[in-house]
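Counting along the sequence shown from 1, when you hit position 364 you're at 364 in UniProt numbering, and nothing is skipped either side.
This list has only true hints and no planted wrong ones.
For each label pair, taking beta carbons as the anchor points, the in silico distance ranges come out as:
(1) 186 / 73: 23 to 31 Å
(2) 373 / 60: 51 to 59 Å
(3) 169 / 348: 21 to 29 Å
(4) 78 / 185: 25 to 33 Å
(5) 348 / 60: 44 to 52 Å
(6) 246 / 212: 41 to 49 Å
(7) 246 / 306: 15 to 23 Å
None of these hints come from the bench; they were simulated from the model.
Computed from a prediction, not measured in an experiment: that's the story for all the values here.
C-beta: ideal position from N, C-alpha, C; glycine also.
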Amino acid sequence: MAEASGQFGVNGPENKRDWPALSDAEAREVLSHFPLPSSAQQIVWHGRRPFSSTGVVSLEDGSRVFVKRHDHCLRDAAALAEEHRFITHLAEQGVPVGQTWRTKTGHAALDLNGSAYEVFSIMPGHDLYETVQSWAPFHNVKHAFSGGLHLGRLHDAARNFNAPARPSRRPLLSTFEVITSPDLIAGLERWIPQQAGLTEALTRHPWREDIPAALLPFHERLKPHLGTIQPRWGHGDWHPSNLFWTGTGADAQVCGILDFGMSDRTCAAYDLAVAIERTAIAWLEPQNDCPVIHERLEAFLSGYLAQYALSREERRLVPLFLPLVHVEYALSEVAYYETLVHDQAGVKAAYTDYLLGHAHWFASPSGQQFLRWLTRTLQAPSCP
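Use the sequences and the hints to build the structure in full.
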């Protein structure tokens, strides 16, 4: 049996885990509900990403499967089925996503003992960014180009996926219900009570003063363009550690896409802005003023635009969305850390450093310079 280590926390690797590691007995019980080629033996690897518990389980015939457990306060089988329908559609379009297993009764996931479980076939390739903190940049321009190419491919394949948006009560999604409201504060007033624990968590913060000061100027710039949005499902959490790679070197290419837990019906420009926010700005190096890694971002955009033709309106929307894409996810994290795992360092990271800190950086001279650069780059005649 593999020994479970800690997790990636808000400030790097931690020895503790918010959710208990999967056990061998648990994995065997869960997998008995799936039509696998042979019985489960033991867990041979434990994941370290937060918000869920994951493991690779060996089977008696020598094959392996990937198992993921979610507490019902975050996801149940019905919620996971929303993600699986999108994954299935992408697979049918030839996008290299993980193969999902259905239970013996035909369900996309299993509800058992207050948790929801999903099972995937092992994806071919290498988990090249396994030891890297989430939202760290691509290692080099070749990785970035391939990452952009495959996001463009995903957006192209999502054109004819017409599922509705996920329910507002779902926590920890990349959504834009609030920021696409004509009135930002009214949108927040409607959305906050639907997020379990968020109203209570926000009583400890002066959000009615903080949010308008930090975010309203950006929302005012976006508001005149809300009518140009073309709704489409997106990945919601595009960064290199959610990708599998053909090798371990600088020339490795993306060969697999995983973790659709934050996916929702937004639009291509929003989902591209999420990817830029999570791969092109060194948020983990605030001492260096969160520098933008321009050459890797240029490669990422080149790859993306080689696969997906952004319209003029979409090119305009991307930099307008960028200072706002984090809002709903950051607020959902506030509730998660405050009411579910009782982690005050996480609360500070979500509210002060993330929700407000990112907005403050975009309002700074460095952030404004970057937004102007991105606007010029996307609108330049030489941009594909």
